[in-house]
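Asks: With chain A held as given, fit chain B onto it using these hints.
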Amino acid sequence: DTAVSQTPKYLVTQMGNDKSIKCEQNLGHDTMYWYKQDSKKFLKIMFSYNNKELIINETVPNRFSPKSPDKAHLNLHINSLELGDSAVYFCASSPPGREETQYFGPGTRLLVL
Amino acid sequence: DQQVKQNSPSLSVQEGRISILNCDYTNSMFDYFLWYKKYPAEGPTFLISISSIKDKNEDGRFTVFLNKSAKHLSLHIVPSQPGDSAVYFCAASPLTPRAGGTSYGKLTFGQGTILTVHP
Numbered sequence: 001d002t003a004v005s006q007t008p009k010y011l012v013t014q015m016g017n018d019k020s021i022k023c024e025q026n027l028g029h030d031t032m033y034w035y036k037q038d039s040k041k042f043l044k045i046m047f048s049y050n051n052k053e054l055i056i057n058e059t060v061p062n063r064f065s066p067k068s069p070d071k072a073h074l075n076l077h078i079n080s081l082e083l084g085d086s087a088v089y090f091c092a093s094s095p096p097g098r099e100e101t102q103y104f105g106p107g108t109r110l111l112v113l
Numbered sequence: 114d115q116q117v118k119q120n121s122p123s124l125s126v127q128e129g130r131i132s133i134l135n136c137d138y139t140n141s142m143f144d145y146f147l148w149y150k151k152y153p154a155e156g157p158t159f160l161i162s163i164s165s166i167k168d169k170n171e172d173g174r175f176t177v178f179l180n181k182s183a184k185h186l187s188l189h190i191v192p193s194q195p196g197d198s199a200v201y202f203c204a205a206s207p208l209t210p211r212a213g214g215t216s217y218g219k220l221t222f223g224q225g226t227i228l229t230v231h232p
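Residue numbers (this note's numbering), protein chains in the order written: chain A, 1 to 113; chain B, 114 to 232.
Excised from the complex, chain A in its bound form (with noise of 0.2 Å):
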């Protein structure tokens, strides 16, 4: 009865592939989110949806492309992996009205080599 989950838990693979890490929430929230932590250990936020459509968009390359197929799943699909793409990838959720208070699911540790 995970709440927020995401898969797969590690991925390593080569520059220049393409790959996805799919989340998903069973807490009912309306609101999803993708977050990079990178390196230096700050959390950053990338996108957030609302109800399936994009809310929050920061200065993130368009290699970066996600997808909400519903308001309870919300993917994160890299095209032309680089160096600079291994981090940490947390998703998230937040209640109606309550967008501060982020549920976080366990992350996701890229590796690019």
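Simulated from the structure, these hints should not be mistaken for laboratory data. Hints may contain errors.
Stated by the list, open to error - Below, computed lysine-lysine pairings styled on DSS-like, alpha-carbon distance capped at 25 Å:
#1 Lys71(A) / Lys19(A)
#2 Lys169(B) / Lys71(A)
#3 Lys118(B) / Lys41(A)
#4 Lys184(B) / Lys40(A)
#5 Lys40(A) / Lys52(A)
#6 Lys67(A) / Lys219(B)
#7 Lys44(A) / Lys219(B)
#8 Lys52(A) / Lys219(B)
#9 Lys67(A) / Lys181(B)
#10 Lys181(B) / Lys44(A)
#11 Lys41(A) / Lys219(B)
#12 Lys41(A) / Lys9(A)
#13 Lys71(A) / Lys22(A)
#14 Lys118(B) / Lys40(A)
#15 Lys184(B) / Lys44(A)
#16 Lys22(A) / Lys181(B)
#17 Lys118(B) / Lys184(B)
#18 Lys41(A) / Lys184(B)
#19 Lys44(A) / Lys22(A)
#20 Lys40(A) / Lys219(B)
#21 Lys167(B) / Lys118(B)
#22 Lys52(A) / Lys9(A)
#23 Lys118(B) / Lys36(A)
#24 Lys169(B) / Lys36(A)
Said to hold, decoys possible - One-sided excerpt, in silico: chain A residues whose CB lies under 7 Å from chain B:
#25 Phe42
#26 Ser48
#27 Ile56
#28 Arg63
#29 Pro66
#30 Leu83
#31 Phe90
#32 Ser94
#33 Glu99
#34 Glu100
#35 Pro106
Said to hold, decoys possible - Simulated restraints on C-beta separations:
#36 Asp38(A) / Ser187(B): 23 to 29 Å
#37 Gly173(B) / Lys67(A): 35 to 41 Å
#38 Gly97(A) / Lys118(B): 24 to 30 Å
#39 Leu113(A) / Lys118(B): 31 to 37 Å
Bear in mind the structure is a predicted one, so any value in this text is a computation, not a measurement. Virtual Cβ for every residue (Gly too), placed ideally from N, Cα, C.
Replies: Relative to the frame of chain A, chain B by itself:
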């Protein structure tokens, strides 16, 4: 340009003592502040928050203090317990000029402080 900074990468305290974690911010538009706690191999979990109209918020052993003029907030844990050992992230949210005043969850996080509580 880091708008939220936690200048102490780590803090070590004895069980039963007070832990004080600090956070500074630079953006005057930040209106709401939160602390998240993170264990290894898990995502951050919400701990406590404070609105800019308050200077203190308490929840059990956890108290957050906000000094708006200094753009500084702190998290006090009293008494500290070994289970509190984790990474603590400070986060801030702006009040954007939207209908209803929601920021749609746009949080800016600090880089975290590793707290170790020794038995």
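Asks: So which of the earlier hints does this model not fit?
Replies: 2, 5, 9, 16, 24, 28, 29, 30
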